[in-house]
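There are 2 protein chains.
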Amino acid sequence: MSELSYPKSKVNRVNRLGERGKYECKAVHEIIMASPVVHVSFHPGSLEDYPVILPMIGKLGSFENPSADLSEPLDLYLHGYVSSRIMNIARGSSDEQPMKVCVCATKVDGLVLTLTPNSHSMNYRSSVIFGTVELVTNLDEKLYAMKLITNGVIPGRYDDTRVPPDSAEMQSTQILRVTIDHASAKVRTGQPSDYEKDMKRDDLREKCWTGVVPVYQAFGEPQEASYNRVKEVPEYISNYVKEAGDAEREYAVAAIQMAPSDKS
Amino acid sequence: MSELSYPKSKVNRVNRLGERGKYECKAVHEIIMASPVVHVSFHPGSLEDYPVILPMIGKLGSFENPSADLSEPLDLYLHGYVSSRIMNIARGSSDEQPMKVCVCATKVDGLVLTLTPNSHSMNYRSSVIFGTVELVTNLDEKLYAMKLITNGVIPGRYDDTRVPPDSAEMQSTQILRVTIDHASAKVRTGQPSDYEKDMKRDDLREKCWTGVVPVYQAFGEPQEASYNRVKEVPEYISNYVKEAGDAEREYAVAAIQMAPSDKS
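Chains as they are written, first to last, in the working numbering: chain A, 1 to 264; chain B, 1 to 264.
One or more of the hints may lead you astray.
Which copy is meant is left open, so a pair is good if it fits within one copy or across any two.
Below 30 Å or equal to it, Euclidean Cα-Cα: the simulated DSSO-like pairs (lysine-lysine) are [unchecked claim]:
1. K22 to K200
2. K8 to K200
3. K100 to K10
4. K242 to K207
To be clear, the hints were calculated from the coordinates, so they are not data collected in a lab.
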């Protein structure tokens, strides 16, 4: 079977620098999962009001098909406090008046330095999801999503803690399920790329350094809480911190040598 | 004189976990300037459409008062391609129908691991700006903003490159000025904080490691372009990479020992 992709539509098509666009489920989903925080926008009451963006924790999974991997169709789960504004708006939505959101995750991978400011760029990966929100009311799905979100931050964490949440905790936490209607990613990789007119100028090229400064998300040594009683940092934490940190750093460097996603 | 702050209003007030809210200009502005990318939301044509978020480069400055520092009133400058959707909408706006945006920058500083999933948290800094957009048409202001944006990515870069942009470059790049109408920041610092009921459970505390994994933006060794001819990486680049990387790492660790911004 060929790779599953989101269909291109008016909503998700990457117009500007379209060669950077990616529509494969796996590409779109990986960027979301590698981001500790996503940005969520929803419509306030009216167009007179300011648009709104909230940073939230969001992770992808499928309650119907829990063994699905990132190349398969998934839903996005967001969690928040029960009486926050986004939850109140979600509760006021309906099939007739659905709550639509845009969710964006961006990872900067490098600062791309060229001979003139206008050709400067960044290596980056960005995913955008356009979806419809529903409150999760089924208790099993809510528990599934809580575990997904906790393990999405550090794999294996959920079962190492006091679970399940008690009834007060279940009530104070609200989970939103975003059904993905449209999605795409935009990715820049590769070397700097300069204008022909600047490449011809020896004086400029002898004077101005060109290259890429890799940028990546790093993890420091885990620091125990003042009240922690467990001597050793558990292996699932130290392994994750090492592996995820290595992967981020290696990607930022490798991205420079990847085929350029475009000419600027 | 006491420190300048954004007035609290219905638009910018931090309601949920209000003790994490910060309104000082300096606090709000520093988070934006430390973020290589900001997320920008604007209203599409109608509430039937999906909300929209774009990752963009945005930097703060004052064309009227160029020596202003981050504790003073500033505008946000965004740059983009002249025919992109956000620019087309900006061109269609007017005093009667102003274009409103929300701009958000978030930095994750640590994964906060506690005894039960619901008390898990992150240390983070997030700034949100609500503002009104105008196209920059004055050439001097446009050049000011281009320099501000280039030097906002790496201080000192602008004057080391071929400048000023030529007339084709000036025309293909559009700069937006966002007048800040409302703004606030939300910051979590400090140790993990567990529920009383879990703290009383010796079995749980002997088994479950609690603490913070620092998270920070790191910079790798600058990698020269295949066509670079300058032997040494210039000092303003290598110094910035070292200093900015050190500052990010040190903040993530220091934040754990700062006074807790709240109890969860």
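Quick rundown of the hints versus the structure:
For a Cα distance limit of 30 Å, the shortest separation of K22 from K200 qualifies neither inside one copy, at 33 Å, nor across copies, at 50 Å. Proximity of K8 to K200 under the C-alpha cut-off of 30 Å is found in neither arrangement, the shortest distances being 39 Å within a copy and 54 Å between copies. For a Cα distance limit of 30 Å, the shortest separation of K100 from K10 qualifies both inside one copy, at 16 Å, and across copies, at 23 Å. In the homo-oligomer, the alpha carbons of K242 and K207 lie at most 30 Å apart only across protomers (22 Å), although the nearest pairing inside one protomer, at 39 Å, exceeds that limit.
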